[in-house]
Amino acid sequence: MTATGVVDNPEKRRSDGGHREAGGSDPETDVVTKCVGDFGRWQLLITFILSMVNFPCTFHIFAPTFLAGTTPFWCARPQRLINLTAQEWINLSHVYDGKEYDRCRIKDLDYEHASMADLIRLSEEVVSSTKCKQWEYDETEYGRTIISEWDLVCDRTSMVNFAEMAFLAGVAVGGLASGFISDRFGRKRTLMMSIMATIVIGMAVAFSPCYWVYVLTRCFLGFFSVSIVLCGFVLCIELVGGKWVTISGVSYLFTIPLGYITIAGISYWIKGWRELQITITLTAVVFPLLSWLFKESPRWLITMKDGDRALQVMREIAEFNKKDLPPNADKLVKQAIMDGDNHAPAVGLKDLFNTPEIRKVSFVMYSIWFTVYFVYYGLVLNVSKWGGNVYADSVISAAVELPAIGLSILILLKMGRRLPLCIATVLAGVACLLTIFVKSDGGGDDGWKFLTLATFARFCISSSNVVMPVFTAEKFPTAMRNLGVGSSNAPAGIALLSIPYLWNIASMLKVDPMAILGVCSILGGLSVLILPESSHL
Numbered sequence: 001m002t003a004t005g006v007v008d009n010p011e012k013r014r015s016d017g018g019h020r021e022a023g024g025s026d027p028e029t030d031v032v033t034k035c036v037g038d039f040g041r042w043q044l045l046i047t048f049i050l051s052m053v054n055f056p057c058t059f060h061i062f063a064p065t066f067l068a069g070t071t072p073f074w075c076a077r078p079q080r081l082i083n084l085t086a087q088e089w090i091n092l093s094h095v096y097d098g099k100e101y102d103r104c105r106i107k108d109l110d111y112e113h114a115s116m117a118d119l120i121r122l123s124e125e126v127v128s129s130t131k132c133k134q135w136e137y138d139e140t141e142y143g144r145t146i147i148s149e150w151d152l153v154c155d156r157t158s159m160v161n162f163a164e165m166a167f168l169a170g171v172a173v174g175g176l177a178s179g180f181i182s183d184r185f186g187r188k189r190t191l192m193m194s195i196m197a198t199i200v201i202g203m204a205v206a207f208s209p210c211y212w213v214y215v216l217t218r219c220f221l222g223f224f225s226v227s228i229v230l231c232g233f234v235l236c237i238e239l240v241g242g243k244w245v246t247i248s249g250v251s252y253l254f255t256i257p258l259g260y261i262t263i264a265g266i267s268y269w270i271k272g273w274r275e276l277q278i279t280i281t282l283t284a285v286v287f288p289l290l291s292w293l294f295k296e297s298p299r300w301l302i303t304m305k306d307g308d309r310a311l312q313v314m315r316e317i318a319e320f321n322k323k324d325l326p327p328n329a330d331k332l333v334k335q336a337i338m339d340g341d342n343h344a345p346a347v348g349l350k351d352l353f354n355t356p357e358i359r360k361v362s363f364v365m366y367s368i369w370f371t372v373y374f375v376y377y378g379l380v381l382n383v384s385k386w387g388g389n390v391y392a393d394s395v396i397s398a399a400v401e402l403p404a405i406g407l408s409i410l411i412l413l414k415m416g417r418r419l420p421l422c423i424a425t426v427l428a429g430v431a432c433l434l435t436i437f438v439k440s441d442g443g444g445d446d447g448w449k450f451l452t453l454a455t456f457a458r459f460c461i462s463s464s465n466v467v468m469p470v471f472t473a474e475k476f477p478t479a480m481r482n483l484g485v486g487s488s489n490a491p492a493g494i495a496l497l498s499i500p501y502l503w504n505i506a507s508m509l510k511v512d513p514m515a516i517l518g519v520c521s522i523l524g525g526l527s528v529l530i531l532p533e534s535s536h537l
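Going by UniProt numbering, the first residue of the sequence shown is number 1, and it counts up by one from there.
It should be emphasised that the hints constitute simulated quantities derived from the structure, not laboratory data.
If you're wondering where the values come from, they're calculated on a predicted model, not measured in any experiment.
Be aware that one or more of the hints could be misleading.
As the list claims (entries may be wrong) - Straight-line C-alpha distance at most 30 Å; calculated BS3-like pairs for lysine-lysine:
| no. | residue 1 | residue 2 |
| --- | --- | --- |
| 1 | Lys449 | Lys414 |
| 2 | Lys305 | Lys188 |
| 3 | Lys323 | Lys243 |
| 4 | Lys243 | Lys334 |
| 5 | Lys323 | Lys385 |
| 6 | Lys133 | Lys271 |
| 7 | Lys188 | Lys322 |
| 8 | Lys188 | Lys271 |
| 9 | Lys323 | Lys188 |
| 10 | Lys271 | Lys305 |
| 11 | Lys334 | Lys350 |
Claimed, not checked - Now the in silico label distances, taken between C-beta atoms and shown as ranges:
| no. | residue 1 | residue 2 | range |
| --- | --- | --- | --- |
| 12 | Val200 | Glu100 | 41 to 47 Å |
| 13 | Lys414 | Glu100 | 40 to 46 Å |
| 14 | Asn91 | Gly265 | 34 to 40 Å |
| 15 | Asp138 | Pro356 | 58 to 64 Å |
| 16 | Cys154 | Ser115 | 28 to 34 Å |
| 17 | Pro326 | Lys350 | 39 to 45 Å |
| 18 | Ala117 | Val430 | 26 to 32 Å |
| 19 | Gly265 | Trp503 | 55 to 61 Å |
| 20 | Glu88 | Ala177 | 50 to 56 Å |
| 21 | Lys414 | Lys360 | 26 to 32 Å |
| 22 | Glu88 | Leu289 | 53 to 59 Å |
| 23 | Ile49 | Glu100 | 47 to 53 Å |
| 24 | Gln335 | Gly242 | 16 to 22 Å |
| 25 | Gly242 | Phe437 | 29 to 35 Å |
Ideal Cβ positions, reconstructed from N, Cα and C, are used throughout, including at glycine.
All chains, full assembly: derive it from the sequences and hints.
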């Protein structure tokens, strides 16, 4: 759950895991706003520092583009023919079907004993072939990858997708579980625990002795990486109020595309998957050293009835902002704790389908969450399949997310949610569909046309990714808002798990993968029109 996608509504988040109206009457909201104000120097500093934690998390999300980069390979040469160039060996031994050489089988010849003249003569006559047992790789572009280290080619190609699915499974579960964990143990504690876990597990990934250890550690890495992004986001918006909830919450996401750009640069200079994994993991080491700067969310402390600590945190924030706490701050906190005891009735999953109206909201939201996640990550995690220079494509396609996020702030503050969400998602789909008319070969006009269309699609879907959670939270009734947003992560998780197999699914259906993304995006975007505009404007 992205980085840009997995965020609860920035205007309506409650410290207990639900959501609040910006400037609304929730007791913990009022007392914090009265004591420290909506925004100040402290909030600006913490928003900036918290946004920095997105960098290592984004690195881990995007890393497989380089850790498992597509590596040219061929059947290994016998030792006595090692002096042949790779192309000479391929021409001599590999089966050619009229279009390309089969890199998984070689002609059934006696390469160990036959003379070169006999091999050349027989290679033109022999039609039988045998499976390769070993391979050689061209490691010029990425250095050593998990593909070349564990021979994840031919019959083992699917293991690359499985490894990525394991990571995204961790992301999906972490996206659902992190809210409950941070509600139970606190925002700061969960954040710091997750950062420490990613450092330890990230290093374990780098030193994985075998493929299956790599898969397992990457799964846990996905769980804790998304927990960092979500906990940091919640802590960020719970320290501000009013319109700054939207501005601060969305601004927190700017470092995610910057992370995509940065890892493209890092991987360009650092070759080898283990070396790259160690480097991106060590970027998180600085954050535990800065833990003394972070404060626990005063709203969460009030919800947990810890008034003394809440007062202490607010006193430190007010002092940094050069403000004084109100003389009756302690009474305000006590009253907020008392008022917070009046909880809304508990709701269950079945309540999301009780009436025709709420059923319609639920199904539309599940549809749009699946769509946006499927299209966004389908574009983000498959940049290497676009056919161009993977480093340049990564930078260009990520850079367009920056204006998309900035535009989303204006949309959330000044415009509606429904129509912009629909238009952005449909346009992303149209752009994806148009790519099927050009070749993504990375050269000539077609290569640039493909990159332009794919990049525009990413711009549009990135904007949808920010607006969508806000629209979702505003459409569910207050009592079931947290449950509604949380349950929407389930179809999003299904979308995540299907991403590694997008190209395989497209091959089975004999359609272009971008066509699948395009149709899905258009249908999902249009489904939003079933619902009326949000009234929370």
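So, going through the hints one by one against the coordinates:
| no. | hint | verdict |
| --- | --- | --- |
| 1 | Lys449 - Lys414 | 33 Å, violated |
| 2 | Lys305 - Lys188 | 17 Å, holds |
| 3 | Lys323 - Lys243 | 20 Å, holds |
| 4 | Lys243 - Lys334 | 26 Å, holds |
| 5 | Lys323 - Lys385 | 54 Å, violated |
| 6 | Lys133 - Lys271 | 26 Å, holds |
| 7 | Lys188 - Lys322 | 24 Å, holds |
| 8 | Lys188 - Lys271 | 35 Å, violated |
| 9 | Lys323 - Lys188 | 24 Å, holds |
| 10 | Lys271 - Lys305 | 51 Å, violated |
| 11 | Lys334 - Lys350 | 35 Å, violated |
| 12 | Val200 - Glu100: 41 to 47 Å | 44 Å, holds |
| 13 | Lys414 - Glu100: 40 to 46 Å | 54 Å, violated |
| 14 | Asn91 - Gly265: 34 to 40 Å | 37 Å, holds |
| 15 | Asp138 - Pro356: 58 to 64 Å | 59 Å, holds |
| 16 | Cys154 - Ser115: 28 to 34 Å | 29 Å, holds |
| 17 | Pro326 - Lys350: 39 to 45 Å | 44 Å, holds |
| 18 | Ala117 - Val430: 26 to 32 Å | 59 Å, violated |
| 19 | Gly265 - Trp503: 55 to 61 Å | 26 Å, violated |
| 20 | Glu88 - Ala177: 50 to 56 Å | 54 Å, holds |
| 21 | Lys414 - Lys360: 26 to 32 Å | 27 Å, holds |
| 22 | Glu88 - Leu289: 53 to 59 Å | 54 Å, holds |
| 23 | Ile49 - Glu100: 47 to 53 Å | 51 Å, holds |
| 24 | Gln335 - Gly242: 16 to 22 Å | 21 Å, holds |
| 25 | Gly242 - Phe437: 29 to 35 Å | 47 Å, violated |
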